[in-house]
Amino acid sequence: MDQLVVLVAAVHLLYCPFTKVEESFNLQAMHDILYHGYNLTLYDHHEFPGPVPRSFIGPLFISGLSSPIVAAITHFNLSKLCAQYAVRAVLGLTVIATFRLYRQALESIFGGQFTKWLVIITVTQYHFMYYLSRTLPNIMALPLVLLALYGWLRQNHLIFIWSSGAAIIIFRAELAMLLGLFLLYDIAYHKLTVPRFLKIAIPAGVFLLSLTIGIDSIFWSRTLWPEGEVFHFNVILNKSGDWGTSPFLWYFYSALPRGLGLSYFLLPIGIYFDTRVRALTVPAITFIFLYSFLPHKELRFIIYTFPLLNVAAAAACHRIWENRGKSTWNGLMALGITGHLILNAIFTMFMICVAGTNYPGGTALSRLIRIERDNDYPVSVHIDTLAACTGVSRFTQTNPKWRYSKNESINYEDPEILQFTHLLMEAKSKYSPNIKPYLRTHEIVESVDGFSHIALNYKGIPPVKIKTKPMIFIMKRKPNAQFVDTTTIKVLQNDDSRQLESEEIFKNDDDDDDDDDITSGGEDEEEQKDEKNLEDDKLFVPSNDKNEDDDDDEQLPKLNFDERKIITKDKDNIININKKIDTNDETMKIDKTKNKKKQDKIEHLKEGSGVKEAIRKMIKIKKQELKAKEDVKDKKKKQDVIKKLNDDSVEIKNDIKIKNVKQSIKNIIKQFKEFEKDLASDDPETIKKWSSDELTTSSETTDQIGAISLEDNINEMDKFINENNDPTVLNEAKKNLKEIVGQIRELQSELSIEADDRFDEIADKFSDRPISQTLMYFSEALKDLMKRRKLKATKLSNKYLNNNNKKTLDNN
1 MDQLVVLVAA
11 VHLLYCPFTK
21 VEESFNLQAM
31 HDILYHGYNL
41 TLYDHHEFPG
51 PVPRSFIGPL
61 FISGLSSPIV
71 AAITHFNLSK
81 LCAQYAVRAV
91 LGLTVIATFR
101 LYRQALESIF
111 GGQFTKWLVI
121 ITVTQYHFMY
131 YLSRTLPNIM
141 ALPLVLLALY
151 GWLRQNHLIF
161 IWSSGAAIII
171 FRAELAMLLG
181 LFLLYDIAYH
191 KLTVPRFLKI
201 AIPAGVFLLS
211 LTIGIDSIFW
221 SRTLWPEGEV
231 FHFNVILNKS
241 GDWGTSPFLW
251 YFYSALPRGL
261 GLSYFLLPIG
271 IYFDTRVRAL
281 TVPAITFIFL
291 YSFLPHKELR
301 FIIYTFPLLN
311 VAAAAACHRI
321 WENRGKSTWN
331 GLMALGITGH
341 LILNAIFTMF
351 MICVAGTNYP
361 GGTALSRLIR
371 IERDNDYPVS
381 VHIDTLAACT
391 GVSRFTQTNP
401 KWRYSKNESI
411 NYEDPEILQF
421 THLLMEAKSK
431 YSPNIKPYLR
441 THEIVESVDG
451 FSHIALNYKG
461 IPPVKIKTKP
471 MIFIMKRKPN
481 AQFVDTTTIK
491 VLQNDDSRQL
501 ESEEIFKNDD
511 DDDDDDDITS
521 GGEDEEEQKD
531 EKNLEDDKLF
541 VPSNDKNEDD
551 DDDEQLPKLN
561 FDERKIITKD
571 KDNIININKK
581 IDTNDETMKI
591 DKTKNKKKQD
601 KIEHLKEGSG
611 VKEAIRKMIK
621 IKKQELKAKE
631 DVKDKKKKQD
641 VIKKLNDDSV
651 EIKNDIKIKN
661 VKQSIKNIIK
671 QFKEFEKDLA
681 SDDPETIKKW
691 SSDELTTSSE
701 TTDQIGAISL
711 EDNINEMDKF
721 INENNDPTVL
731 NEAKKNLKEI
741 VGQIRELQSE
751 LSIEADDRFD
761 EIADKFSDRP
771 ISQTLMYFSE
781 ALKDLMKRRK
791 LKATKLSNKY
801 LNNNNKKTLD
811 NN
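The sequence shown begins at 1 in the UniProt record's numbering and counts up one residue at a time.
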């Protein structure tokens, strides 16, 4: 039976080798003890101490047992990830060894057949076997709890009190409630006298308290009792609720059914038929009840009670199985308990599959290592918070030549971001706003999916499907990427009715001879584009200074006014000077005198005098320069077009067709903008995020295509493709459609937190369907989504009105 426990635990360990943030302290401490030894300055906890200090005694013990294995791993130049497997395996074997002692003590009371049922029930359940090799503080205390229970069953009070004291004083203070109940039981039934208890407990308490204070004060560089500070933080200050709260009975209706599986429903039977079981299960249930008063609840907090509660389940199974031949009813009951084990095993396998998708950080770093394993250039990786919390540890940082950073203060506005050749970034998709600024310096190499939700499909086999979604993106620095510093200048003009703010954004550009140009739009359409450009302005640019978001035929000469953009705003009007003007070696160049004049004007602007007059004059100068440049550029464009038409007229024709299809697709998406009208009143942030110029066209384009409805646009687009029967046009249309599908799919996730598999199904099969059919499916799905949102909003509004009316009546 011991071999079965080891085998199942090994499956859990090998399938889910990575760890989460709750396990990070003990795991990082083991790494530092094994690889840094006495050099405490390199230890991880100095940089990332966590909300409360934890004891180093557990990591010291496991590291000591693991050190021969880790030494062999280092000697043979194996990956440090193997060392992570090793320390977790040693911890798991420690729990299994003490569980074996606990099982042997039960066998002396209940018999061998009973303990076989106990083992079978335990290995078919998910959480106990999954957690026993995880470096949680609760699991560090679990071997001591099992050893204490072994001592209590054997009536060896020396082992019981010392083990209980170590578990309570060093690791988890709340265990005083659980193990204290067993102590009170012995005292109440005169199995242990108070003088003998004090004779053992006082020396044990003094020694264990001195041990943890002495050792942990060295590692933390201050005098402290770690578990005392944890108890004060969680119980006295009651700050554990900052990490979330759950209802009072959450352990009974959620945690225990998941942790014990169908065996949970056998507990009353075992407690009823065997009075010996009550001495073990009643303290466990009482402990869970008392622990429920703390608002923050997690299943791992009650993991110690599972071996106790499984005693009742094993007693029920043993009794029913032994009586299976006495009657037909008993035979059916025996068949039921056998089936419950099978269902427990199925549930466990399903949960393992879910857990395998729950560590995107570790998976992302492993993939990055495989991608760059053949490259010899120095690699520097920045690990963001989600990656660090979902699998990345010092054991996974396997290449000693690489540099790893978990500095949470670095972002795209920090020049230090360019020191990193790779980034592990959290994002919902490549269109997410939080990842967009980084695309100027880094490009997306790969994305890693993580667990999203569980979907039910009654028509499929299996009927339950694990859904994932992108969580972490692996990004690589672009060649010759440059950082763009930003500063803001605010000018306040002292008059009675107006206030003006000026902002300057300085760009680092290699071309010092570029022209300095500025322009402003006076019409509404130009002002909208200017505001959009300001919103999407990037702080990073590659060295070639090319804006990839603009179409080639729509680029204006680049704005480079003393390598600055000036944005002015007053109380009544907003003058947004943000048009981009391309610099060209063939165009005019501004001499140093003119640059000096502009510098003087900027200084004049900073002083706050004559602001409007200075800006008007600068705009006039810039318009003249822009006009001269556009004349040169238009002349050159005409020559290039004529040359290209002469060289390859067929290619130009195909490009025009493709452009028509692209414009038609864009106009189709414009029809989806109607949904924004319904959302504008209740979800303005989503509208702002998704209202992109990339998905809209001008009224002139709409008139050119001639379609006024979604169906007309689809028919118009199909007409373009069918008439030409050109695979190039179709492929380009599919390529554009893929981008649209991704954005609409992300739109659904932003609009609703409810799972909707229709969007995933449409996106997965868009390449196998006609373009028009895909877009019509999206149209219907979005309409249904809007109906649900409106219905939900109506219900909330009615509920709010009813509550207000009720309060008004009560007050009257």
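Honestly, the hints are just simulated from the structure, not real lab data. Treat the numbers as computed from the prediction; the structure is a model and nothing was measured. Treat the hints with care, as some may be off.
Said to hold, decoys possible - In the DSSO-like style, the derived pairs of lysine-lysine whose C-alpha atoms are separated by at most 27 Å in a straight line are:
hint : residue 1 : residue 2
1    : K239      : K199
2    : K467      : K436
3    : K459      : K430
4    : K80       : K436
5    : K401      : K20
Hints and how they fare:
1. With a C-alpha separation of about 36 Å, the suggested pair K239 and K199 falls outside the 27 Å cut-off, and the hint is violated.
2. In summary, the hint linking K467 to K436 is supported, as the alpha carbons are separated by about 25 Å, within the 27 Å threshold.
3. Pair hint K459 plus K430 does not hold up; C-alpha atoms about 33 Å apart against a cutoff of 27 Å.
4. For the hint pairing K80 with K436, the CA-to-CA distance comes to about 34 Å; that exceeds 27 Å, so the pair is violated.
5. Our distance criterion of 27 Å between C-alpha atoms is met by K401 and K20, whose separation comes to about 25 Å.
Taken one by one, the earlier hints fail for this structure at numbers 1, 3, 4, listed in ascending order.
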